[in-house]
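K.L.:
Given these sequences and hints, build the entire structure.
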Amino acid sequence: MRGLAFTALILLAGCASQPQTTVAGHGLSLTLPKGAYTKAQVKVLPRHVEVPDEVPVDVGPRRWEVVLPHTPRTSMKVGGPRYYYPAGSDVFVTPLQDASVPSYAVAYPEWAKSARELRALLAVPQPEDLAARLPGEPFNDAGRALNAKVRRIETPTLTGYRVLCYYRQGTAGYGATNAELTYDFQGLTKDGRYYVSARLAVRNDRLPDSIDDPRAKSGETVAESAAERKRIDSWSEDSFFPTLHALDGMMESLRVK
Numbered sequence: 153m154r155g156l157a158f159t160a161l162i163l164l165a166g167c168a169s170q171p172q173t174t175v176a177g178h179g180l181s182l183t184l185p186k187g188a189y190t191k192a193q194v195k196v197l198p199r200h201v202e203v204p205d206e207v208p209v210d211v212g213p214r215r216w217e218v219v220l221p222h223t224p225r226t227s228m229k230v231g232g233p234r235y236y237y238p239a240g241s242d243v244f245v246t247p248l249q250d251a252s253v254p255s256y257a258v259a260y261p262e263w264a265k266s267a268r269e270l271r272a273l274l275a276v277p278q279p280e281d282l283a284a285r286l287p288g289e290p291f292n293d294a295g296r297a298l299n300a301k302v303r304r305i306e307t308p309t310l311t312g313y314r315v316l317c318y319y320r321q322g323t324a325g326y327g328a329t330n331a332e333l334t335y336d337f338q339g340l341t342k343d344g345r346y347y348v349s350a351r352l353a354v355r356n357d358r359l360p361d362s363i364d365d366p367r368a369k370s371g372e373t374v375a376e377s378a379a380e381r382k383r384i385d386s387w388s389e390d391s392f393f394p395t396l397h398a399l400d401g402m403m404e405s406l407r408v409k
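Numbering-wise, the sequence shown is residues 153 to 409 according to my numbering.
If you're looking for bench data, these hints aren't it; they were derived computationally from the structure.
What you are looking at is a predicted structure, and each value in this text was computed from that prediction instead of being measured.
A couple of the hints might just be wrong.
[Claimed, not checked] Pairs of lysine-lysine, DSS-like flavour, derived with a Cα cap of 27 Å: (1) 342 / 409; (2) 265 / 342; (3) 301 / 265.
P.N.:
Shown next, in the form of structure tokens:
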């Protein structure tokens, strides 16, 4: 994503050796897990209206991205060009109204569609096919795989789902690795004003670090994928780094004025 960066206000709390930090700015505040991120930066992303027949990369109203740099979650070293989806860590807050355009649905059709689909999912008990129906914003030219550790997050101000995944275009010959493992959150503020999404790099010591590790090899068959999901679902939420509880808590802490 491209955008206009501004310096975030970092508020410190807790012990001096491993403080808990809150990043705040432009009406947003987010409390970060202890020791998970080295710093935080909030970027204001400019408006980009969708152009027919073009891939909708960077399309959306003026919105915010919280960039969360951290030490690598994997020891994988990339030598030369590689086709894979390395996990990064970003939180996005996107308005679902924009007075600067005649029609939000025409200017940003993918955002409007995803918001409708997510509202429908959140209005009913968790369906069995949730992972297949859960929208994925911002735009990503790949689909989710794995879809483990699905959990609904509900606070007085936010509702949504999180899922552990990695991304694929077709098959790649390997399964979950720390190079690609992602905590994906898709949600809405309770007032209906904002779409909140996050893609956060996460690791587990039981997973191979590299897509080239022989342990990562997979035919990605239905049976193999189901077994992989069942195996990862059985692991403790605190066995990941950052822990899934900590990342849930970060998303639950989000406030938008």
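K.L.:
Determine for every hint whether it applies to the structure shown.
P.N.:
How the hints compare with the structure:
1. 342 / 409: Judged against 27 Å, a Cα distance of about 12 Å means the pair holds.
2. 265 / 342: Answer holds: residue 265 to residue 342 is near 18 Å, not above 27 Å.
3. 301 / 265: holds (25 Å)
Checked against the numbered hints above, the structure breaks none of them.
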